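Let the hints inform the model, and build the full structure from the sequences given.
Number of protein chains: 6
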Amino acid sequence: MFNFAFIKLNTIKLKVAITRKEHFNSAHRLHNPKWSNEKNKEIFGKCNNVNYHGHNYDLEVKVIGYVDEETGYVIDTKYLSEIIKSKVLEKFDHKNLNLDVEEFKFLNPTVENIAILVFRLLRPHIEKKYELKIKLYETPRNFVEYPYE
Amino acid sequence: MFNFAFIKLNTIKLKVAITRKEHFNSAHRLHNPKWSNEKNKEIFGKCNNVNYHGHNYDLEVKVIGYVDEETGYVIDTKYLSEIIKSKVLEKFDHKNLNLDVEEFKFLNPTVENIAILVFRLLRPHIEKKYELKIKLYETPRNFVEYPYE
Amino acid sequence: MFNFAFIKLNTIKLKVAITRKEHFNSAHRLHNPKWSNEKNKEIFGKCNNVNYHGHNYDLEVKVIGYVDEETGYVIDTKYLSEIIKSKVLEKFDHKNLNLDVEEFKFLNPTVENIAILVFRLLRPHIEKKYELKIKLYETPRNFVEYPYE
Amino acid sequence: MFNFAFIKLNTIKLKVAITRKEHFNSAHRLHNPKWSNEKNKEIFGKCNNVNYHGHNYDLEVKVIGYVDEETGYVIDTKYLSEIIKSKVLEKFDHKNLNLDVEEFKFLNPTVENIAILVFRLLRPHIEKKYELKIKLYETPRNFVEYPYE
Amino acid sequence: MFNFAFIKLNTIKLKVAITRKEHFNSAHRLHNPKWSNEKNKEIFGKCNNVNYHGHNYDLEVKVIGYVDEETGYVIDTKYLSEIIKSKVLEKFDHKNLNLDVEEFKFLNPTVENIAILVFRLLRPHIEKKYELKIKLYETPRNFVEYPYE
Amino acid sequence: MFNFAFIKLNTIKLKVAITRKEHFNSAHRLHNPKWSNEKNKEIFGKCNNVNYHGHNYDLEVKVIGYVDEETGYVIDTKYLSEIIKSKVLEKFDHKNLNLDVEEFKFLNPTVENIAILVFRLLRPHIEKKYELKIKLYETPRNFVEYPYE
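Protein chains in written order, with the working numbering: chain A, 121 to 269; chain B, 121 to 269; chain C, 121 to 269; chain D, 121 to 269; chain E, 121 to 269; chain F, 121 to 269.
Think of the hints as simulated: they come from the structure by calculation, not from any bench. Please note: incorrect hints may appear among the correct ones.
If chains are identical, the list can't say which one is meant, so a pair holds when it fits in one copy or spans any two.
[As the list claims (entries may be wrong)] Below are the DSS-like pairs computed for lysine-lysine, each with C-alpha atoms no more than 30 Å apart in a straight line:
| # | residue 1 | residue 2 |
| --- | --- | --- |
| 1 | Lys135 | Lys159 |
| 2 | Lys141 | Lys161 |
| 3 | Lys205 | Lys154 |
| 4 | Lys135 | Lys198 |
Computed from a predicted structure; not experimentally measured.
And the structure:
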């Protein structure tokens with residue numbers, strides 16, 4: 121009986137996306153070391169402030185796949201939350217992105233690049249059968265999505 | 121004159137999505153009756169609590185189609201809201217999903233499965249010319265989308 | 121120099137309130153065991169559903185006092201967060217308030233009574249020099265504050 | 121060294137979407153001048169109120185493209201914000217959409233049509249290499265997306 | 121037993137506040153008919169736009185009193201919600217405050233004055249033993265509270 | 121007629137509070153220079169990170185007074201917004217609070233101390249007939265209010 125009802129609900133076998141939200145608080149500045157200070161100031165404005173500024177980043181990690189018939193889960197959100205904490209928050213939270221995160225020593229920590237890096241940090245820990253998408257809010261008014269499409 | 125302006129705005133005939141948000145408050149527990157109590161506890165953790173727990177579910181129902189030239193609507197959101205209330209909220213709101221909702225008597229009421237059921241309850245009441253998508257928040261930190269893509 | 125600046129900022133010695141938000145997800149039903157089932161249904165409506173329903177409760181715990189000159193804190197929010205987790209969330213989160221929480225076996229778990237109980241659970245763990253106030257959201261549209269004034 | 125790290129992060133060359141949120145406050149009424157007053161009232165209900173009503177519109181403008189290797193930006197959000205302000209907010213904010221916005225003199229200012237118009241106002245000011253998408257909230261419970269797909 | 125536990129929780133008899141949120145969407149303009157058009161424009165700026173603009177008003181109605189021992193309620197929020205709907209929303213929602221609401225024919229519908237009027241409309245329907253407080257958001261960035269203190 | 125209605129609404133002459141929300145993004149670290157590095161780390165934990173971290177601060181400035189009969193305002197929120205921008209945001213936004221804000225060179229920039237400083241920066245620019253209150257969110261989960269009571 122259980123199987124019947126379960127299978128019935130999933131006959132069309134469309135994909136479901138499940139998203140987990142986490143957050144981290146970091147300092148950063150936007151700066152391209154190949155440019156003069158003047159050009160950096162002109163392009164990045166107050167985001168180039170030499171002593172850094174910071175944000176509460178809100179991170180949404182979306183995993184796309186089929187619902188498992190035994191669990192009713194796409195993926196266990198407890199696992200997802202742990203992976204985000206150990207691979208991303210541990211590295212970014214209460215840190216200076218430019219100084220404390222190796223990948224940003226030579227890469228500008230724009231919200232676009234942070235989202236791409238989050239994707240690369242998480243991708244190896246999410247099974248290949250799943251798609252993975254990142255949404256990252258730098259402020260409630262500015263956010264990025266990667267990969268898009 | 122009216123027609124002209126109207127037609128002009130819609131020449132490209134791209135699709136528009138319109139979304140209506142509603143909410144319901146339900147009790148549930150995650151449990152697979154084919155498993156032992158130990159396995160249920162191991163897999164579902166505190167979500168398996170024998171006496172249930174509960175959530176304020178936030179539901180977004182998205183309907184995708186073309187804008188009607190007479191009304192300027194994709195679909196009347198009053199109709200959409202009434203259908204959600206009569207077909208979904210009436211069944212789920214202030215209820216125990218496991219005990220009071222027939223479809224979950226043999227199906228685990230994970231947020232994934234609830235979203236799929238919401239889709240199935242609404243689909244017959246939305247004309248075939250429209251696409252339908254469901255987004256369901258179990259908490260502000262966990263949500264699903266179905267169908268995805 | 122440090123002391124001077126610090127003292128200067130605090131000469132007026134007005135109180136500061138600091139608030140920490142946490143959340144828990146619980147099932148409950150409203151029911152007065154001294155009344156008939158009919159009267160319970162009449163008074164509590166769908167909140168009286170015999171199989172329970174549930175909520176995502178958002179809890180704000182406010183502590184009011186003076187800023188410590190050494191730390192710049194009213195109270196350490198890490199301590200506050202730990203106390204809320206061990207004394208309140210451990211007891212309420214992913215539980216059935218009526219069945220799993222002893223205090224509600226003979227007390228109706230309205231949002232008013234839950235807030236009063238949260239206050240009583242936390243008060244012994246917050247030093248007497250502080251005032252303590254509780255704000256509890258049952259839904260984003262209904263919330264209580266205790267004590268008020 | 122900088123180049124190496126940068127290139128490494130972008131080898132897959134997937135698209136990134138960046139979104140900027142702005143808002144405007146406008147009066148409007150829904151009305152089709154080709155219909156009788158009775159039909160307008162029947163179809164649009166209280167939204168047809170002859171003296172208008174109004175909303176706080178929340179507007180999200182999404183630009184989709186590749187990350188520039190020099191800046192780490194898809195597009196400069198300062199530019200995006202300025203374009204939204206000069207081309208959309210200047211026209212809609214603290215205005216009556218029916219009376220003060222020429223395009224709505226013969227077109228019903230539903231949230232669908234407003235979103236389509238926002239798209240048309242912004243598209244010429246966003247380089248062709250970018251995709252552009254509009255999300256417009258009429259209330260926190262009703263919103264549209266255009267183009268969808 | 122029930123009484124004992126109940127009484128125990130309420131021995132200190134402190135007040136509890138319960139708040140209900142509702143919303144309405146209205147058009148308005150700020151204008152003092154005793155002033156010249158020039159002075160109105162100078163003082164109220166774009167809020168003086170002759171054809172009106174509008175807002176999604178979020179209304180919080182707070183009732184302060186003691187918890188009833190039989191119900192565990194300060195006041196029944198269903199009653200509170202109905203009173204707000206019949207006395208306030210019926211009058212303001214999808215209306216032009218200046219033209220459709222009699223009290224604003226000679227009174228400037230600033231968010232301050234709207235909140236005072238909401239208080240006066242509700243006060244006769246809330247028993248004298250309760251205190252009543254109004255919080256009214258004109259936008260998510262501007263809100264008033266009345267009476268304050 | 122206008123006067124009559126107006127006076128009628130204000131006969132009780134209770135106070136109204138009006139609040140304006142603004143935000144700023146800053147880097148900071150918690151550190152007491154009179155303590156050893158070990159003690160700083162022990163007390164402030166990851167908030168003591170030597171290279172700083174940061175936040176999106178949400179600031180609410182509340183002004184309490186009587187409604188002016190000519191304008192219907194407690195205070196002009198445009199003035200309030202300008203004062204916040206010139207006296208607070210100019211100083212804090214996209215800055216490092218420890219390094220770029222003189223007052224924090226010898227004072228720990230906890231959210232409590234930032235709120236007190238905001239109050240001191242704004243108080244001289246708000247007429248004495250008004251009360252002034254500050255609410256400052258460091259994150260959506262931690263906020264302070266000053267002065268309290």
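Evaluation of the provided hints:
1. With identical chains, the CA atoms of Lys135 and Lys159 are at most 30 Å apart between copies only, with a shortest distance of 26 Å across copies and 46 Å within one.
2. Proximity of Lys141 and Lys161 under a CA criterion of 30 Å is satisfied inter-copy only: 24 Å between copies versus 33 Å inside one chain copy.
3. Proximity of Lys205 and Lys154 under a CA criterion of 30 Å is satisfied in neither setting, with 33 Å inside one chain copy and 32 Å between copies.
4. Proximity of Lys135 and Lys198 under a CA criterion of 30 Å is satisfied in both settings, with 20 Å inside one chain copy and 29 Å between copies.
Hint violations for this structure: number 3 only, all remaining hints satisfied.
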